[in-house]
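Trainee: Now for the letters of each chain:
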Amino acid sequence: MSDILSTSISGLLAFQRALDVTSNNVSNSATPGYSVERINLAEQPGSGTTSGYFGNGVNVQSVTRAYDEILAGQVRSSNASYQSFNTLATQAAQIDNMLSDSNTGLTATLQSFVNALQSLSTAPASTADRQVLISRAQALTQQLQTYQGQLSQQSQDLEQQVGNTVSQINTLAGNIASLNAQIAAAEGATGVMPNQLLDQRDSLVDQLSQYVSVNAVTGSDGQMNVYIGTGQALVVSSSAQQLVATPNPNDASELDIGMKSGASNVSDVTSEITGGSLGGLLATRSQVLVPTQNALGQIAVGIATVMNQQQQSGMDLTGAQGKPLFSVGPVNVAPNIANTGSGTVAATITNLSQLTVDDYKLTYSGGTWQLEDTTTNQAVTMTGSGTSASPFQAAGLSIVVSGTPADGDNYVIQPTANAVAGMSVLISSPAQIAAAALGASSAGTSNTGTGTISSPTITNPSAWTSGTYTLSFTSATQYQVTDSSGNPVTSGTYTAGSPISFNGEQIAISGAPALGDTFTVGPNNPANSGDNTNVLAMAAAMSSSVLDGNTTSLNAAANNLVSAIGVLTQQAQANASAQQSVNQSATDTRNNLSGVNLDEEAAKMLQFQQAYQACAQMIQTSQTTFNALITAITHG
Amino acid sequence: MRIATTTFHNDAVAQMDTLQAELAKTQQQLSTGLKLQSAADDPTGMSRVNQMNVEISASAQYVTNSNAVQTNLQLEEQALSDASNVLQNANSLAVQANNSALSASQRSNIATELQQDLETLVSIGNRTDSNGNYLFGGYANTTQPFTMSGNSVSYNGASAVTQVQISESQSISNGDTGSTAFMNIPTGNGTFTVAAASTNTGSASISASTLQNLNQWVPGTYTISFTDPSDYQITDSSGNVVSSGTYTSGNTLSFNGAQITLNGTPAAGDQFTVAPAGTTSAFSAISNLITTLNSGALNQGQLATAIGSAVQQINNSITNFSNVSASAGSRLNAITTAQSAAQTIQTSLKTNISNITSVDYVSATTQLSSEELALQAAEESYASVGKMSLFQFLS
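Line order of the protein sequences matches chains A and B.
Just so you know, the numbering used here puts 180 at position 180 of the first sequence, and the rest follows in order with no gaps.
Just so you know, the numbering used here puts 280 at position 280 of the second sequence, and the rest follows in order with no gaps.
Careful, some of the hints might be misleading.
[Claimed, not checked] If we take Cβ atoms under 7 Å as the criterion, some of the chain B residues that face chain A in the derived model are:
{"id": "1", "residue": "43"}
{"id": "2", "residue": "45"}
{"id": "3", "residue": "54"}
{"id": "4", "residue": "56"}
{"id": "5", "residue": "61"}
{"id": "6", "residue": "71"}
{"id": "7", "residue": "133"}
{"id": "8", "residue": "142"}
{"id": "9", "residue": "299"}
{"id": "10", "residue": "300"}
{"id": "11", "residue": "390"}
No lab work stands behind these hints: they were computed from the structure.
Treat the numbers as computed from the prediction; the structure is a model and nothing was measured.
For each residue, glycine too, the CB sits at the ideal point set by N, CA and C.
Kindly generate the complete structure, drawing on both the sequences and the hints.
Mentor: Next up, the structure:
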């Protein structure tokens, strides 16, 4: 009878515990990161008699949580992917929206500028049309700079977020490490796993996967090691490594991610960081912000180069040679702060069609200079020797190096990154638009041959001077060009139609000139204010293919940028949406194992309650039985 | 299969979120009328739309360009027509003056009227367009193209006119230079001119000179000399006799493919010179006539020859005006053609853009209702199923 009592009491206690667990499950049914707990009951060892073993009731063996490390890992990896793509998609969508307006976008503004050139060509002397052209040039500059401003703002925000994210990661890593210590201590003290601490730790690792891709491995001692990116150990047992966001040695406005090992030893892990919002931010920087900035820069350099060349190949309303219309920011050459030598590097854009939207790194190594495209990570071959007489030539750049560099010194060269920021319209007076041709030519009035001369084409505006040159035929097949003082400039054998070059210009004579025939090549008549030759050439140059090896026009480049960012945004959005589904499904799978089902808990409650009531009834039965015995004895 | 209660709620919420997002997107498309909100919606489409917008903008600009040219060419046509009328007037004055019965003062009166015509013609040549630029100045359209010094008019404009693009592939001249319209007018019949020598004393004058056969024509200067009133000989510049014969008034003299008709009675020793045609100006056609009428020293033959030559110059000028005007007219036709082509292209581009960017209202509305239905179903089922719990039935 004491057996009934003790057995029933064990049941009462066990089911009370079981109801405790159920009530805890119900209470935490909406707690994020809570893993449903199960009470594990086991039969107590029996008491052996000759008639057999009699059970001694029930024992609470353990309370365990429903948890699967593989399922948790799937949730984290899909979450990291989702966060990464979602960050990229959100950031790229901002640029996409900025560039997308087809009515006010860059292609429309560029076309407005070309339209202003066309309008001017119908009334070349019109001050109003000239003023419109200058305004359109300013509008074009302004639009590019508005874009640039948004890009800079977004870059600044992004770098700030990188910094914040790194501190979040560090906080989480610290907390995980400290939980590792607590879990080890709790386990050491009680010999069982502290479920609540495990849930907390898993929750922290889940949070960490929002920021960066994580791989968590739990050791046999219950301590969890956390690896991020491509396998960098962030938490090992109870110690956490610090991530640091440090300015890029070549560009202080960009933050690199470093991992601290020891007091001052920081290793750069920027390229190892993948996944999570941090991975998404870094991908945004390298795939969206920098390429967009460089592409806008390339377009700005293109506009300035084309227009300045043509402006200088024309005559303005005052009769003077045209002056450059646009200025753009120079090539950015950023020495590494760790450089020890005294070398200096200067780079200028000299070939528009070879210019790329990539960034480069020039490194002095083993006594030679090497150039690497840091966007594609490919070595780039340079010609020339790097002196000012023979600069290095590569990617449309002329690079002059001087001073004494030390081995390993390097310089980041960004050809177009600063172009837009430094862009401005140099001409404010409408009269300074060079709409007319710069040069003019005529045949001598007493010529006896049938030779005719073409209008001069300016090939090198900076070499052109406003002198009058006389081309005379010393025989029917020989010509000589003399300047206004009679000094010979050039001479040669006449071939009909083939160009003759001098004074930065080019003319061609066709027909059959006779001995003694002369042709005059000089500046255009300043009275020719109605000459639109050069403004037509400007319009033509603006729509010709001048970029990317003369395959892409400025307008096409602007349009390509819009669609490239569009494609990138679309892909990032599609990937984010796909990863969201994967994450949703992984979360469901994990929750279906680890989450609380209230119906189940209701059933368990009912079950445990009934069992509890039954045990209580057994005690009463034991009492009744005992009473019957006592009564029998006292009344017997 | 075991489902966590949170899964049930989370999934329902996620599902409703998705449906709501789709619904919002469709609603936005319907309210803006655009299915292409940014490049990410359709990068290729956006790129084509941008390209087509550029083409529309360029095409509209070409139409603006051609409108400007059209205005100029119409002004030019008007100017040339006015100039023709002035010369027609000068022509009838010349015919009126070619009358031996007129007194010197009557001729001088005619000359005064012609003077008026000359000044009118100059002012027509100096007309300006709506921008205040000279119509006939060529490149130098801010410089007054024609200036008068005495009765001599000189051209100060440029020898070229602006070319203006009126379509992607077509450029036309925005007007004509003053030298084309007024200055480069062939003299005589375009091949040769005939003049009476100032020493002539007879009354013979040239009434017509034509080139009958271009192949026989040998360019050069020829002299028709009358050895007596009825005999003539024609010599070239080296003095070789090319032709000779007997003359009666109204005879046509033929040599080297040229035919020259003389009227009146020459005196012995009278000479007429046949010289290669050059160019003259519409102004000198009048000013020469003024000079002729004002010079009292001319005899009837010289007067008639001079007036005849002036009339020829006037007629040549009128022909030139009409040629230049016809060329401007053909450019106006080209503009009309180009503008109508531009209209067609723009309409078609706009249709294409609309096909890419605009919402198809029928399908979008259908989509909206089906999305509404889906969201409603999700909400209703969640509201009903979400309430289900075993705890409800325990007491």
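Trainee: Now tell me if each hint is right for this structure.
Mentor: Now for the hints, and whether the structure bears them out:
1. 43: Where the cut-off is 7 Å and the nearest Cβ of chain A is about 3 Å from residue 43 of chain B, the hint holds.
2. 45: violated (9 Å)
3. 54: This interface hint holds because 5 Å falls under the 7 Å limit.
4. 56: Interface hint status for residue 56 of chain B: violated (9 Å vs cutoff 7 Å).
5. 61: holds (4 Å)
6. 71: Violated, because the Cβ-Cβ distance from residue 71 of chain B to chain A comes to roughly 10 Å (cut-off 7 Å).
7. 133: holds (6 Å)
8. 142: With Cβ-Cβ at 5 Å, under 7 Å, it holds.
9. 299: Cβ of residue 299 of chain B sits 37 Å from chain A, so the hint is violated.
10. 300: violated (39 Å)
11. 390: Since the shortest Cβ distance to chain A is 4 Å, the answer is holds.
Of the hints listed earlier, those the structure fails to meet are numbers 2, 4, 6, 9 and 10, in rising order.
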